[in-house]
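Novice: Sequence:
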Amino acid sequence: MGTIELNHIDKFYGNNHVLKDLNLTINEGEFMTLLGPSGCGKTTTLRVVGGLERPQNGTMTMDGKTVINAKENFFEDAGKRGLNLVFQSYALWPHMTVFDNVAFALTVQKKPRAQIKQKVENALARMQILEFAQRYPSELSGGQQQRVAIARAIVSEPKVLLLDEPLSNLDAKLRVEMRSELKRLHHELETTIIYVTHDQVEALTMSTRIAIFFEGELEQVAPPMELYQNPASLKVADFIGNPRINFVDGRAFRKGEALTVHSDLGRMEFPSSLFTDDMNEEGEFDCVLGIRPEKIRIMTRPTDGAIDAVIYSVQPAGSETTIHVTANKTSILVKDIGIKTYTTDARVYIDTDLSKVIVFSKQTGRLIKRAIPD
0 MGTIELNHID
10 KFYGNNHVLK
20 DLNLTINEGE
30 FMTLLGPSGC
40 GKTTTLRVVG
50 GLERPQNGTM
60 TMDGKTVINA
70 KENFFEDAGK
80 RGLNLVFQSY
90 ALWPHMTVFD
100 NVAFALTVQK
110 KPRAQIKQKV
120 ENALARMQIL
130 EFAQRYPSEL
140 SGGQQQRVAI
150 ARAIVSEPKV
160 LLLDEPLSNL
170 DAKLRVEMRS
180 ELKRLHHELE
190 TTIIYVTHDQ
200 VEALTMSTRI
210 AIFFEGELEQ
220 VAPPMELYQN
230 PASLKVADFI
240 GNPRINFVDG
250 RAFRKGEALT
260 VHSDLGRMEF
270 PSSLFTDDMN
280 EEGEFDCVLG
290 IRPEKIRIMT
300 RPTDGAIDAV
310 IYSVQPAGSE
320 TTIHVTANKT
330 SILVKDIGIK
340 TYTTDARVYI
350 DTDLSKVIVF
360 SKQTGRLIKR
370 AIPD
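Sequential numbering of the sequence shown, starting at 0, is according to numbering that gives the first Met the number 0.
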């Protein structure tokens with residue numbers, strides 16, 4: 000199928016500028032997730048790719064072939080783009096069996112009966128619902144109905160599979176199961192998948208790359224762990240991660256090949272080898288430190304580099320414990336694996352791995368010092 004390229008896409012609904020000069024490349028065989036808060040433009044992007052929306056500006060190519068050229072008012076029909084779409088609602092025919100729902104498109108195409116049977120049974124088997132072939136949608140659970148909708152989408156072996164928040168109607172347990180199924184399906188079919196969600200856990204666990212949107216603009220495109228460990232801006236850092244990242248105001252001084260930061264967490268020094276292309280500041284300036292809760296250690300005895308802190312609250316959750324501490328009047332969130340016991344108001348010491356600390360310019364909000372990836 001090749002790559003999908005969106006270039007300078009603008010989409011308006013009346014005076015509402017929904018997509019703003021969008022440029023995005025989706026590689027063949029990729030699981031690309033479009034992530035962001037409600038109203039950010041991710042579903043509109045999916046609908047533009049699927050041929051359900053016509054942008055006012057820009058072009059789109061699939062495998063080098065132009066399918067959108069807004070300037071020339073050329074928009075290839077959705078049916079000729081070689082893709083299928085699964086909506087948030089299952090949209091199954093209630094009067095048809097599971098088999099007939101999945102077979103519908105092949106039947107319309109007048110494929111041979113034997114071929115239809117083989118393809119439908121294969122799709123149902125992939126989704127582990129072959130035994131439900133003769134049931135009706137009303138006889139299935141929500142998770143089973145979603146599997147039918149996905150089986151219907153993959154039965155014709157589309158070049159691209161578009162998924163618009165397909166798990167949002169499922170309960171927490173089913174969502175976890177379906178994430179695993181979708182990831183396995185992507186591995187087996189090697190189909191290009193474009194997936195829309197506002198759930199960062201879905202994005203981080205399933206994607207090969209994530210495109211994160213805010214207010215119609217593409218903020219960052221990166222593999223999941225790159226996005227998590229080195230978000231390009233304060234907005235991305237604040238959106239990604241549960242529990243949320245710690246932000247600590249600081250005063251930075253850049254001199255030669257080093258960046259020194261003073262904050263309520265003490266003095267930190269970082270080498271220029273970790274500077275990003277957005278490091279434009281010289282001399283002294285305001286900055287914001289970003290530290291993931293799991294990168295902070297709590298100790299009951301002082302060690303070199305550790306600073307004093309006081310336990311504010313403890314929230315055990317079985318597999319992990321979340322602890323709020325106060326250090327020099329700054330509130331810090333710490334995540335510890337397993338069940339940990341701390342006494343409220345107890346004095347402790349916290350230590351941070353400097354290689355995992357990221358630094359943002361307070362003026363621009365952009366990342367200026369990267370973390371060393373795990």
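Fair warning: there could be bad hints in the mix.
As the list claims (entries may be wrong) - Straight-line distance between alpha carbons at most 20 Å, and here's what the computed EDC-like set of lysine to aspartate or glutamate pairs gives:
1) 182 - 27
2) 361 - 268
3) 234 - 268
4) 118 - 180
5) 361 - 350
6) 361 - 293
7) 234 - 256
8) 158 - 27
9) 182 - 198
10) 254 - 237
11) 355 - 216
12) 19 - 218
13) 116 - 156
Said to hold, decoys possible - What follows is a set of in silico ranges between Cβ atoms, one per label pair, in the way DEER data are often shown:
14) 121 - 141: 21 to 31 Å
15) 141 - 371: 15 to 25 Å
16) 81 - 283: 50 to 60 Å
17) 276 - 354: 14 to 24 Å
18) 62 - 340: 33 to 43 Å
19) 156 - 207: 14 to 24 Å
Worth flagging that the hints you see were computed from the coordinates, not collected in a lab.
Computed from a predicted structure; not experimentally measured.
We put the CB at the ideal spot given by N, CA and C, even for glycine.
Novice: Take the hints in turn and mark each one as holding or not.
Specialist: Going down the list of hints, with the structure as the test:
1. About 16 Å separates the Cα atoms of residue 182 and residue 27, which keeps this hinted pair within 20 Å; it holds.
2. Using a Cα cut-off of 20 Å, the hinted pair residue 361 and residue 268 holds, with the two alpha carbons roughly 18 Å apart.
3. A hinted pair counts as satisfied when its Cα atoms are at most 20 Å apart, and residue 234 with residue 268 does not qualify at roughly 24 Å.
4. Between residue 118 and residue 180 the alpha-carbon distance is near 19 Å, which keeps this suggested pair within the 20 Å criterion.
5. Note on residue 361 and residue 350: the hinted pairing is violated, with a Cα-Cα distance of about 24 Å set against a maximum of 20 Å.
6. At roughly 23 Å between alpha-carbon atoms, residue 361 and residue 293 are farther apart than 20 Å, so this suggested pair is violated.
7. For the hint pairing residue 234 with residue 256, the CA-to-CA distance comes to about 27 Å; that exceeds 20 Å, so the pair is violated.
8. For a cut-off of 20 Å, the pair hint linking residue 158 to residue 27 stands: about 9 Å separates their Cα positions.
9. Between residue 182 and residue 198 the CA atoms are separated by roughly 16 Å; this keeps the pair inside 20 Å, and the hint holds.
10. Restraint check for residue 254 and residue 237: the C-alpha separation of about 29 Å exceeds 20 Å, so the hint is violated.
11. Pair hint residue 355 plus residue 216 does not hold up; C-alpha atoms about 28 Å apart against a cutoff of 20 Å.
12. With a C-alpha separation of about 11 Å, the suggested pair residue 19 and residue 218 falls inside the 20 Å cut-off, and the hint holds.
13. The suggested pairing of residue 116 with residue 156 holds, with an alpha-carbon distance near 14 Å, which does not exceed 20 Å.
14. The hinted range of 21 to 31 Å is satisfied by residue 121 and residue 141, whose Cβ atoms lie roughly 24 Å apart.
15. Checking the proposed 15 to 25 Å range against residue 141 and residue 371 shows it is violated: the Cβ atoms sit about 43 Å from each other.
16. Checking the proposed 50 to 60 Å range against residue 81 and residue 283 shows it holds: the Cβ atoms sit about 56 Å from each other.
17. Distance hint for residue 276 and residue 354: a CB-CB separation of about 20 Å, consistent with the stated range 14 to 24 Å.
18. Distance hint check for residue 62 and residue 340: the Cβ-Cβ separation is about 58 Å, which falls outside the suggested range of 33 to 43 Å.
19. Here the CB-CB span from residue 156 to residue 207 is close to 20 Å, well matched to the stated 14 to 24 Å.
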